[in-house]
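Undergrad: Here are the chains, one letter per residue:
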Amino acid sequence: MTKKKQGNIVWNFFASVKLALFTLFTLAATSIIGTIIPQNEMASHYVHLYGQTTARIFQILSITNMYQSWWFRALLILFSTNLTICTIERLPNIWRVVTLDNLSTSISRLQKMAIRRVFKSGVNQEQTGLAVQKIMHQAGWQADQRARDEGTLFFSQKGAWTRLGVIMVHTSILTIFVGALIGKLYGFKAGVMLPEGSSTNIVYKSSGDHSPIPLGFTLRCNAFNLSYYDTGMPKEYRSDLTVSKNGKDLLSKSIVVNDPLQFGGLTFYQSSFQAIPGQFAASLTSKSTGAKQKFFLRYPTERARLWPAEKVRFGITDIAGPNMRQKYRYKIWFSDGKGSPSTFWIDQNHPVKIERPGNNYLLLVKPRFATGLQIAKDPGVWVVYIGCIMMILGLIIIFFMSHRRIWALVSENEGESSILLCGTSNKDKVGFEKVMTSLYKGFADSQFLRGEKHE
Amino acid sequence: MNSSQLLGITIFAYLLASILYIAIFIFRAKKLGVVASLVTVAAWLIQTAGIIMRWVESYKMGYGHAPLSNMYESLVFFAWAIAIIYLWIEWKFKNRLIGAFVVPFAFISMAYASFSTEFGRTIKPLVPALQSNWLIGHVVTCFIGYASFAIACGLGFMYILKDRREQAKKENKQKSDGLIDTLPQLRLIDDAIYKTIVFGFVWLSTGIIAGAIWANTAWGTYWSWDPKETWSLITWFVYASALHARFVRGWNGRRIAWIAILGFVSVIFTYYGVNFLLSGLHSYGSA
Ligand code: HEM
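Here the protein sequences line up with chains E and Y, keeping their order. If you read the first sequence in the working numbering, its first letter stands for residue 183, the second for the next number, and so on. If you read the second sequence in the working numbering, its first letter stands for residue 527, the second for the next number, and so on.
Heads up, a few of these hints could be off.
[To be verified] No farther apart than 27 Å at their CA atoms in a straight line, the calculated lysine-lysine pairs in the BS3-like style are these:
no.	chain 1	residue 1	chain 2	residue 2
1	E	K294	E	K316
2	E	K417	Y	K688
3	Y	K618	Y	K557
4	Y	K721	E	K200
5	E	K340	Y	K618
6	Y	K620	E	K611
7	E	K616	Y	K650
8	E	K609	Y	K721
9	E	K493	E	K513
10	Y	K557	E	K611
11	E	K493	E	K469
12	Y	K688	Y	K557
13	E	K509	E	K316
14	Y	K688	E	K509
15	E	K294	E	K609
16	Y	K618	E	K611
17	E	K427	E	K476
18	Y	K721	E	K616
19	E	K623	Y	K620
20	Y	K618	E	K623
21	E	K294	E	K611
22	Y	K688	E	K611
23	E	K469	E	K417
24	E	K417	Y	K650
25	Y	K650	E	K340
26	E	K609	Y	K618
27	Y	K620	E	K609
28	Y	K618	Y	K688
29	E	K559	E	K427
30	E	K616	Y	K586
31	E	K513	E	K469
32	Y	K721	Y	K688
33	E	K535	E	K509
None of these hints come from the bench; they were simulated from the model.
So that you can see chain Y by itself, here it is in the shape it has in the complex:
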């Protein structure tokens, strides 16, 4: 087995997991729960093996480096981080319905990584600017942050769905037991959104700092306002605002759910938009 086979299987494993979680939600097929979790765990293990294989293969090709050096590899890591953080949340919150809103992100990331024509997938040697241990520290921390924000965004959708439903129920005074009523209580979703944002915020802060230190060892400037840096700071501002709105002004519920979605749009732009729509120092993604 080589890494591309393993990562290929991973795509379909995440697809299967997504379908299972959505089925649990839509058809209230609770019995599938354990299967969905097992498939996700298996997908994650296969993916872990795939990432390690790719690492090993790069050494065999004579220019060994951690598989975190381009758009493809970072998307794979993004999916990996989403899956493991999700599994942790599932275990912590004892709720599988979250999976229907989160695991598809892991699948989309893998599928996009594997089928997009915008970037290559071959193992390439590192150009001089990327030959630094800070590359690993910077990418890993940032993407753990991004993955938690992706999950917060999925939970945000879930919150809004449920909230709409409750609102409608209040107005029509109807009591019928719809699909959406099976979702966890708003209070619990809200708590989960907050916790994932906080978790992501700590990692994103660390990631931005690691990037700044790296830039300083490579170019002598820890901050140069290039578009990637600026967008990561914008993202950081968005989540900092969310935290303050919550702590100090007591914002919660719907408003924080929307900020979780807005924040993730900013993450996507930092990640994708800057690489493909803007230009700057960090243009490695287009290579």
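Only chain E is shown next, with the shape it has when bound in the complex:
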């Protein structure tokens, strides 16, 4: 097998761990560039920062968008090719170790193992064999046996499958790459600014030409609320969203930054917000009828709004502010047809009771917001997650589990039977030595063997 591969220079190149070390190092070193030079800024920004010539060089080498550049992708492709071929190259060997028939191990190998000990037995070979099996069983090692020329060989192993951990880790990296690729090919990132009270059935691609993408349903923003801690730090950005199709509401959810809305393979994330200049959201409650209504007002382009059911007319006639906490005051003109109209000032976000001759009202006025949503479609994300789980499990298998093998050769020589007990472990030699030591003790103390310990 090695002969066949030897001829193939290309295969050997990609199967080499030297190349892996080179690629890992190069990836690490080049990745630094993009953390020092700002990415994806306007061309003029780079000219301003680094001067004309350097900016030009950056552009030619795609350093301003390096993680998506041809050469960085080429490195990632080299890395995954290397990993794939290296894994394929080693798979047969690993598989051979996993499925190895350890009862045919050559006796001379057993006699050379670093961890081994010889015991003399006072009973014949058959009885000794039974005793060996029993002691190993009591210590948790289920032994198989086979008659060999030199005597009876017992063998027991644990964790042969853990040899596959390396393959699991390496495959997990490839799996993550495949997931990322699926996301790149079949997914997209988009965004939309959605004013309170309005709806959309298209969103706009985040990259490239910002082309519109039809949703296939309608997304409405019922309200956007932001709240602050008393320290003035933002506490929550919350959008109340409703998904509808053909005029029928299908799903409503109020989303915050770490809790997006999912619908139809898309996920909608709370990403930003904006107060719409010159527009305001008012909610007005009539005390006598209990009716409540939302309005979007404009100032200065609109004088008054009508609430026909309550025969109310009201509007903003002046604005003052903002004050130190970025709050405004609004001057309201209000009429319900009974008595002369009222005019008064109210604070942003502060509900105010309006007392009128025949009725009372509750009014709250605030800016009208547009919520900034980010939309992601990523059919590859589950593949990525499966890769991540495989990686963690694989690392745990590799680092914290080992393949332990124990042999016992029972032989008879000139009427005296003896045991050669030996074992190996591919990892954690210290832990394995402890296991063997307690097994030695089991053998030495055994009343079945009735023999003295002998090295």
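Model the placement of chain Y with the ligand on the given structure of chain E, informed by the hints.
TA: Just chain Y with the ligand now, kept in the frame of chain E:
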């Protein structure tokens, strides 16, 4: 007792522990061994109480969250993780000289957290982006990883010191019994370096993955190549190289010791450099 008092005592307890461990090494004062260990255990217990108090206090202030949300709190946790992992190693390897090279890291982290002017120490509410259970998972896993790498780095220094000494001894054929000769055998240090790197690598991998999942629930992108993410990946590459160099090319000893030091430089940059020298999504540290 409030949390800042407890954490204040912690700084000096780690300082005392560091001095004791260094004294054991320099003056061969083996008798101080138990005292040094006890002081470290006490420091760690006080610190644990301090961290819990801070958690409780944040709830009393009305915006309860785990104390892992800013530069100060993460440095405190870093020191905490170094101390507990060190104690475990001391117990496992039955050697206190390692303490002289490791416990000072816990002290430096606490002292820097407490006396730096670059960031605040008050309990602050969480901004919307940080309001996620992934915050705890991500920070805890990453910092356990960083703490093991800090220990690997300390062991790396220890290895190089000892190695230099052995080298000099070979050349001069001198036999005099110097201070450095009391350090554990190179083979044992090498083994400890390898084990701490492996331990850190598993946690760092988990931490990066937890961060990616969090980013995906918050922004819809599990990887965006922002400087913090990129630097954590660079660190991960460095340690992955170290593991391969060892497994496949048989690197050990001096070269792995240097990689342990280099890797920790990368950790420091991921942690400190990115927050204060670069800018990006993860700029919470500068708040
Ligand atoms: C950054 C990505 C990588 C990670 C996280 C990784 C992880 C690991 C780990 C943890 C081991 C230890 C296995 C053991 O204890 O036996 C290992 C071994 C190994 N890796 Fe990787 N690896 C990566 C990339 C690569 C690449 C690109 C190659 C390509 C040649 C490669 C080739 C090997 C080989 C040949 C072994 C030894 C396998 C054996 O013992 O049979 N690795 N890898």
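Undergrad: Confirm or reject each hint.
TA: To see whether the hints hold, each was checked on the structure:
Pair hint E/K294 plus E/K316 holds up; C-alpha atoms about 25 Å apart against a cutoff of 27 Å. For the hint pairing E/K417 with Y/K688, the CA-to-CA distance comes to about 54 Å; that exceeds 27 Å, so the pair is violated. A hinted pair counts as satisfied when its Cα atoms are at most 27 Å apart, and Y/K618 with Y/K557 qualifies at roughly 19 Å. For the hint pairing Y/K721 with E/K200, the CA-to-CA distance comes to about 23 Å; that is within 27 Å, so the pair holds.
Taken as a hint, the E/K340 and Y/K618 pair is honoured in the structure, with Cα atoms around 24 Å apart against an allowance of 27 Å. Our distance criterion of 27 Å between C-alpha atoms is met by Y/K620 and E/K611, whose separation comes to about 18 Å. Of the supplied pair hints, the one linking E/K616 and Y/K650 is violated, its CA atoms being roughly 51 Å apart against a limit of 27 Å. Distance hint between E/K609 and Y/K721 is fulfilled; the C-alpha atoms sit about 11 Å from each other, no more than 27 Å.
Only pairs whose Cα atoms come within 27 Å are accepted, and E/K493 paired with E/K513 is accepted, the gap being roughly 20 Å. A distance of roughly 32 Å separates the Cα atoms of Y/K557 and E/K611; the hinted pair therefore is violated under the 27 Å criterion. Between E/K493 and E/K469 the CA atoms are separated by roughly 14 Å; this keeps the pair inside 27 Å, and the hint holds. Among the hinted pairs, Y/K688 with Y/K557 is consistent with the structure: their alpha-carbon atoms are about 23 Å apart, no more than 27 Å.
With a C-alpha separation of about 83 Å, the suggested pairing of E/K509 with E/K316 is violated against the 27 Å cut-off. With a CA separation close to 66 Å, the supplied pair Y/K688 and E/K509 exceeds the 27 Å bound. Taking the CA atoms of E/K294 and E/K609, the gap is near 19 Å; set against the 27 Å cutoff, the hint holds. Among the hinted pairs, Y/K618 with E/K611 is consistent with the structure: their alpha-carbon atoms are about 15 Å apart, no more than 27 Å.
Restraint check for E/K427 and E/K476: satisfied, since their Cα atoms lie roughly 23 Å apart, inside the 27 Å limit. Only pairs whose Cα atoms come within 27 Å are accepted, and Y/K721 paired with E/K616 is accepted, the gap being roughly 18 Å. Annotation: proposed proximity of E/K623 to Y/K620 holds, straight-line Cα distance about 24 Å (limit 27 Å). Of the pairs offered as hints, the one joining Y/K618 and E/K623 holds, with about 23 Å between alpha carbons and a cut-off of 27 Å not exceeded.
With a C-alpha separation of about 16 Å, the suggested pair E/K294 and E/K611 falls inside the 27 Å cut-off, and the hint holds. Simply put, Y/K688 and E/K611 have alpha-carbon atoms about 24 Å apart, close enough for the 27 Å limit, and the pair holds. The suggested pairing of E/K469 with E/K417 is violated, with an alpha-carbon distance near 32 Å, which exceeds 27 Å. This hinted pair checks out: E/K417 and Y/K650 have alpha carbons roughly 11 Å apart, not beyond 27 Å.
For the suggested pair Y/K650 and E/K340, the alpha carbons sit about 51 Å apart, so the restraint of at most 27 Å is broken. Of the pairs offered as hints, the one joining E/K609 and Y/K618 holds, with about 17 Å between alpha carbons and a cut-off of 27 Å not exceeded. About 21 Å separates the Cα atoms of Y/K620 and E/K609, which keeps this hinted pair within 27 Å; it holds. A C-alpha spacing of about 21 Å is found between Y/K618 and Y/K688, which places the hinted pair at or below 27 Å, so the restraint holds.
For a cut-off of 27 Å, the pair hint linking E/K559 to E/K427 stands: about 19 Å separates their Cα positions. The suggested pairing of E/K616 with Y/K586 is violated, with an alpha-carbon distance near 51 Å, which exceeds 27 Å. Restraint check: the Cα-Cα separation between E/K513 and E/K469 comes to about 22 Å, which is no more than 27 Å; the hinted pair holds. Distance check on the hinted pair: Y/K721 and Y/K688 sit about 19 Å apart at the alpha-carbon level, within 27 Å; holds.
About 19 Å separates the Cα atoms of E/K535 and E/K509, which keeps this hinted pair within 27 Å; it holds.
Hint compliance for this structure: hints 2, 7, 10, 13, 14, 23, 25, 30 are not met, and every other hint is.
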